[in-house]
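Colleague: Here's the letter readout for the chains.
Protein chains: 2
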Amino acid sequence: MAPVSPRIRFKKEFKELTMTILRFLCLSFLLTSFASTAKTGEMPAEQQLAVRYIQAVTDHDYQALNRYYSRESIFNDRTASKTYTGRRHIISFLRRAHQGVLEYNFNIEHMFNSGSLVVMIGSYHYKGPGEQFGKPGKIIDLAIPGVTTVKLDMDNRRVSKHEDLMDYQTMVDQLAVQ
Amino acid sequence: MAPVSPRIRFKKEFKELTMTILRFLCLSFLLTSFASTAKTGEMPAEQQLAVRYIQAVTDHDYQALNRYYSRESIFNDRTASKTYTGRRHIISFLRRAHQGVLEYNFNIEHMFNSGSLVVMIGSYHYKGPGEQFGKPGKIIDLAIPGVTTVKLDMDNRRVSKHEDLMDYQTMVDQLAVQ
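Heads up: the sequence lines are chains A and B, in that order. Read left to right, the first sequence gives residues 1 to 178 (the working numbering). Read left to right, the second sequence gives residues 1 to 178 (the working numbering).
Keep in mind that the hints were calculated from the coordinates and are not lab data. One or more hints might be untrue.
[Unchecked claim] Calculated pairs, DMTMM-like style, for lysine to aspartate or glutamate (alpha carbon to alpha carbon, straight line, at most 20 Å):
1) A:Lys151 x B:Asp173
2) A:Lys151 x A:Asp141
3) B:Lys151 x B:Asp141
4) B:Lys161 x A:Asp164
5) B:Lys161 x A:Asp141
6) A:Lys161 x B:Asp164
7) A:Lys127 x A:Asp141
[Stated by the list, open to error] Quick partial rundown of chain B residues pointing at chain A, CB under 10 Å, derived from the structure:
8) Asn76
9) Ser92
10) Ile121
11) Val147
12) Gln174
[As the list claims (entries may be wrong)] Covered by chain A, according to a simulated footprint, are these stretches of chain B (three or more residues, beta-carbon under 8 Å):
13) 50-62
14) 128-140
15) 161-173
Built from N, CA and C at the ideal position, the CB exists for glycine as well.
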């Protein structure tokens, strides 16, 4: 075997170590991504419907929402003690709340269902005008932890009840520094 | 300056790199711990009461639970569609459910409140006899993601309503391999 200088051996060992670290970091990243990605293909039908419905909410797709709600649907923000009943009132509330919004999505970190009751845990990301939040003339950026449960009517593919639990204290803390 | 051999330099650089990695890992660990630790000192009174109540539940402290519930208290597992009303029925249910349990705790990952409504997101850890789960003669170990909300009566320091949303599918998956 040809003799190897300590300097070359160092470079080799250093390179190997770097590769190991990189491999470890990539794996951690992949595992984290997998854990937080909702894989639509394997999801129960109830969760798929809930995800599509939430997308209609965050995309301001009022035409789709019109089909998801019935005259009996209930939209309840328990942490704000606000309830709206029937598609007309719910959609008119959502139109007001989402006026001028630039970015809006729900990053679902964990989701499960028990029959037609779907639970989504994650955080709502909101970027838009600060008027509604006491910050006129400013664009604000918020990530509000929240739990949204939807009770579905699977036969008619409708939302019987939408319930939000939102961490408004975190929102207030984020607003304070913007 | 005394000449330094490449072998010694390698050892020194390797040691420094190891220390940097260790420092990075320690820091990551600390940050993660801080993020998920509920610091009782800074917590709103409602969250403190909710945490103490949940501890009474997971510690099987029925004497304390007797004080937390009134005759009107409601215990509702929405994902199991089960409701118990009044301290007598709730405690008798908890006694049945927790028979023979070896370890039981709720690892709260995120908590927030809106007035007297407290939301706790985390996972319930359960270790105990498998009889109730169709695994007789076995000791089973479960970590069930869940959201528990408690509506408090702060004047009387009581729990008006306890509501659970549990990821029973994850529980079933965990049972399948035990």
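Colleague: Do the numbers back the hint for Ile121 of chain B, that is, is its least Cβ distance to chain A under 10 Å?
Modeller: Because about 6 Å separates Ile121 of chain B from the closest Cβ in chain A, which is inside the 10 Å limit, the hint holds.
Colleague: Starting from Lys161 of chain B, check that the Cα of Asp141 of chain A is at most 20 Å away, please.
Modeller: violated, 34 Å
Colleague: Between the alpha carbons of Lys151 of chain A and Asp173 of chain B, is the straight-line distance 20 Å or under?
Modeller: Violated: Lys151 of chain A and Asp173 of chain B sit about 23 Å apart, past 20 Å.
Colleague: Is the hint on Val147 of chain B kept, meaning its closest Cβ partner in chain A is under 10 Å away?
Modeller: holds, 5 Å
Colleague: Is Lys151 of chain B within 20 Å of Asp141 of chain B, Cα to Cα?
Modeller: Violated - the C-alpha atoms of Asp141 of chain B and Lys151 of chain B are around 29 Å apart, more than 20 Å.
Colleague: Taking a Cβ-Cβ distance under 8 Å as contact, does the segment 50-62 of chain B have three or more residues in contact with chain A?
Modeller: violated (count 0)
Colleague: Can Asn76 of chain B be said to touch chain A, with a Cβ gap under 10 Å?
Modeller: Interface hint status for Asn76 of chain B: violated (12 Å vs cutoff 10 Å).
Colleague: Do the alpha carbons of Lys161 of chain B and Asp164 of chain A lie within 20 Å of each other, as the hint requires?
Modeller: Roughly 17 Å between the alpha carbons, so the hint for Lys161 of chain B and Asp164 of chain A holds.
Colleague: Using 10 Å as the Cβ threshold, decide whether Ser92 of chain B counts as touching chain A.
Modeller: It is violated, given that the least Cβ distance between Ser92 of chain B and chain A is near 24 Å, above 10 Å.
Colleague: Is the straight-line distance between the alpha-carbon of Lys161 of chain A and that of Asp164 of chain B 20 Å or less?
Modeller: holds, 17 Å
Colleague: With a Cβ-Cβ cutoff of 8 Å, does the segment 161-173 of chain B contain at least three residues near chain A?
Modeller: Per the Cβ count (6), the hint holds.
Colleague: Restraint: Gln174 of chain B near chain A, CB-CB cut 10 Å. Satisfied or not?
Modeller: violated, 13 Å
Violated hints, in rising order: 1, 2, 3, 5, 8, 9, 12, 13 and 14; the structure is consistent with all others.
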